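Please build the complex by placing chain B on the supplied structure of chain A, with the hints as guidance.
Protein chains in written order, with full-length UniProt numbering: chain A, 1 to 392; chain B, 1 to 392.
Hint data in this document are derived by calculation from the structure and do not stem from the laboratory.
Among these hints, one or two may not hold up.
Where chains are identical, the list cannot tell them apart; a pair therefore holds if satisfied intra-copy or between any two copies.
List of simulated lysine to any residue pairs, SDA-like, C-alpha gap at most 25 Å [to be verified]: (1) K87 x D280; (2) K50 x D149; (3) K87 x F7; (4) K87 x G130; (5) K237 x D91; (6) K234 x F2; (7) K16 x G209; (8) K16 x S166; (9) K300 x A386.
Just so you know, these numbers come straight off a predicted model, no measurement behind them.
Protein chains: 2
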Amino acid sequence: MFDFNYFTPTKVVFGKNTEAKVADLVKEFGGTKLLIHYGGGSVVRSGLLKRVTDTLDAAGISYVTLGGAVPNPHLGLVYEGIELCKKEGVDFLLAVGGGSAIDSAKAIGYGVANEGDVWDFYDYKRQAKGCLPVGVILTIAATGSEMSDSSVITKEDGLVKRGYSSDFGRPKFAIMNPELTMTLPDYQTACGCTDIMMHTMERYFSNGGNMEITDSLAEGLLRTVKKNALILYKDPKNYDARAEVMWAGSLAHNGLTGCGNDGGDWMTHKLEHELGGLYDVAHGAGLAAIWGSWARYVYKNCLHRFKKFALNVMEVENSGSDEEIALRGIEAVEDFYRQIEMPTNLRELGINPTEDELALMAKKCAIGVGGEKGSAKVLNEADMLAIYKASM
Amino acid sequence: MFDFNYFTPTKVVFGKNTEAKVADLVKEFGGTKLLIHYGGGSVVRSGLLKRVTDTLDAAGISYVTLGGAVPNPHLGLVYEGIELCKKEGVDFLLAVGGGSAIDSAKAIGYGVANEGDVWDFYDYKRQAKGCLPVGVILTIAATGSEMSDSSVITKEDGLVKRGYSSDFGRPKFAIMNPELTMTLPDYQTACGCTDIMMHTMERYFSNGGNMEITDSLAEGLLRTVKKNALILYKDPKNYDARAEVMWAGSLAHNGLTGCGNDGGDWMTHKLEHELGGLYDVAHGAGLAAIWGSWARYVYKNCLHRFKKFALNVMEVENSGSDEEIALRGIEAVEDFYRQIEMPTNLRELGINPTEDELALMAKKCAIGVGGEKGSAKVLNEADMLAIYKASM
Chain A
1 MFDFNYFTPT
11 KVVFGKNTEA
21 KVADLVKEFG
31 GTKLLIHYGG
41 GSVVRSGLLK
51 RVTDTLDAAG
61 ISYVTLGGAV
71 PNPHLGLVYE
81 GIELCKKEGV
91 DFLLAVGGGS
101 AIDSAKAIGY
111 GVANEGDVWD
121 FYDYKRQAKG
131 CLPVGVILTI
141 AATGSEMSDS
151 SVITKEDGLV
161 KRGYSSDFGR
171 PKFAIMNPEL
181 TMTLPDYQTA
191 CGCTDIMMHT
201 MERYFSNGGN
211 MEITDSLAEG
221 LLRTVKKNAL
231 ILYKDPKNYD
241 ARAEVMWAGS
251 LAHNGLTGCG
261 NDGGDWMTHK
271 LEHELGGLYD
281 VAHGAGLAAI
291 WGSWARYVYK
301 NCLHRFKKFA
311 LNVMEVENSG
321 SDEEIALRGI
331 EAVEDFYRQI
341 EMPTNLRELG
351 INPTEDELAL
361 MAKKCAIGVG
371 GEKGSAKVLN
381 EADMLAIYKA
391 SM
Chain B
1 MFDFNYFTPT
11 KVVFGKNTEA
21 KVADLVKEFG
31 GTKLLIHYGG
41 GSVVRSGLLK
51 RVTDTLDAAG
61 ISYVTLGGAV
71 PNPHLGLVYE
81 GIELCKKEGV
91 DFLLAVGGGS
101 AIDSAKAIGY
111 GVANEGDVWD
121 FYDYKRQAKG
131 CLPVGVILTI
141 AATGSEMSDS
151 SVITKEDGLV
161 KRGYSSDFGR
171 PKFAIMNPEL
181 TMTLPDYQTA
191 CGCTDIMMHT
201 MERYFSNGGN
211 MEITDSLAEG
221 LLRTVKKNAL
231 ILYKDPKNYD
241 ARAEVMWAGS
251 LAHNGLTGCG
261 NDGGDWMTHK
271 LEHELGGLYD
281 VAHGAGLAAI
291 WGSWARYVYK
301 NCLHRFKKFA
311 LNVMEVENSG
321 SDEEIALRGI
331 EAVEDFYRQI
341 EMPTNLRELG
351 INPTEDELAL
361 MAKKCAIGVG
371 GEKGSAKVLN
381 EADMLAIYKA
391 SM
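Here chain A stands alone, though its shape is the one from the complex (with noise of 0.2 Å):
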């Protein structure tokens, strides 16, 4: 096994109407004045936002609120949240919403704390020195940005797509009411869990480093995630099951499910960047349509994971050989993701790239990785096209 560091300093506040306790959270991390920053419309109709407020307006907390975060959260929208918070004193990012309202708030914090440029960060150009602080109220169990050091941003000059991790971009806090998530269209629910379990699958397979205690959690909160993704389909209200997804959401990200290994593989995550920078897809669904084909290619490389991933995660049957096993494991994910209506490939993604955008993602995708990257595999440019290829 590897030397790891392990630090998720995130206060979570977990369960009903936890949301009222936002102004005492903000109070004991030092928030004097907050920018609220969500995404779409539905947090206003719920009345969270307004339920937010209230409590901040009878706690005395002032704030100043942006609006607008999308899935695969804009440049754009950063800068003018930095503005904002420069011009308005903000000294804390309250993000209200999922995975694009805390990257984007996280991203937001780094330039109002860094000189410069903050798409650098993105760029791989310097390290952050420092970020805002952020709080979180999740409404969206997906990205587990609520507890990670990563946020990913996407520049519209271009539509690059790019993630940056530092330990200073992790929430203060975060606020898990599995009832916010609730009201979810169910397609955002099946791409939130694809998009956990993902987060632990990247982290699996890895040819390196690998530690029992960190593979029996990382088995145990698949295994739960993929049942109660099931119990979701069924019954979107169930309590116990959000509840079960959304602190998995938290856990498969937090670098728990990571201990010890290399750090994992990540290309599904860096293929799928390239379609979500090409085509605003849903990210969950973008990895859903993109495993299979890179499972495929490249399972033989790194049989005995894929062959425990199979047996102790999907449960698949413990007979035929080891490539047999591994290939059933593959196969049960791909069930798994129709079980939940998650497409396989572009085509169910519905998007249906020409050679030349296949040969461009694949490009981007190298230069965005420095060349080559992987540890089940390492993939280099012709890899990528080849999964990419075998993904229509």
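Below, chain B without anything else, positioned relative to chain A:
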């Protein structure tokens, strides 16, 4: 499931030679004048203390030292540490050792950061409003105090052993090098594994609010420790097994394996605390000696959990009635204790209390928990006495 908070801010730096990073970590968390608190001579004899002070010297960080923390750490030494810190202007506590040194350092931290008698916190009289920051270099995998909010101190007058929990006491960082645990006597290694498992078992055997994901993490952790405890019994220098157990020790007690439940049972710990207060036995061995009697006394009141534990952790045969499966699981735990030479009753623990002493312990235990306590089954003084008697 129940609502919960989860807060584990400790920065974990895990792996070989990580103690070399101590000066950087102390600086990161603002320490300028340290009290280095440690236990017996092993930290001195092994050369670890010198390596640490050399690193601090090279970084220009000044410090004073206080050794002498013993298992079931004493209040007298805590008072001594508080005086020393005040006299020397200490602003950071570095615990080098196991749970005794860490718990004692936390208590010193409460004593320095709050007015009045520090014992008040352990005597349920009031809550701490802060704690001097604590950093840890861990040398024993057992108590989980390196990430937990709890510390246990014994007041010499009356041999009263009490725990106090506060988020203020959670260490800022924990340096965890599995190699540092390799020189432990085999008995202490086995005690540590027992304590680690018990921290999660106390949370697991509860009648309220269990979450599937918490259960799956707990079961995975318990299987991992059980397996690696047996490896270490035969091969104490096995680095990977040391690492598995060490990381499990932190996760077993940082709150992760109790999220969503009612807080757990904890009566085995409470019953052992009285043993530890009166006889100065090793904590882990005391837990092992009492657990089987506790389990047989309560299992019918928490049958579904004992059955699940038997199947998913102890992996016993799934046949017969629920009661038979549950009892098979309890027997399997005792068999496991015997395999690693842990006691399964007070006689094997090496003590032989009189009737009066048993009654005194039951009485003190009942007072300590405010009359009655437990989740698997609520126990009063008569129940406690019955369990003590059954464990003879």
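Results for each hint:
1. K87 x D280: neither (31 Å within a copy, 63 Å between copies)
2. K50 x D149: Answer is neither: 29 Å inside a copy and 35 Å across each miss the 25 Å cutoff.
3. K87 x F7: neither (32 Å within a copy, 33 Å between copies)
4. K87 x G130: within (19 Å within a copy, 35 Å between copies)
5. K237 x D91: Result: close neither inside a copy nor across copies, 36 Å intra and 50 Å inter.
6. K234 x F2: So K234 and F2 pass the 25 Å test across copies only (23 Å; inside, 41 Å).
7. K16 x G209: Between copies only: 14 Å across chains, 39 Å inside a chain, cut-off 25 Å.
8. K16 x S166: between (30 Å within a copy, 24 Å between copies)
9. K300 x A386: within (16 Å within a copy, 59 Å between copies)
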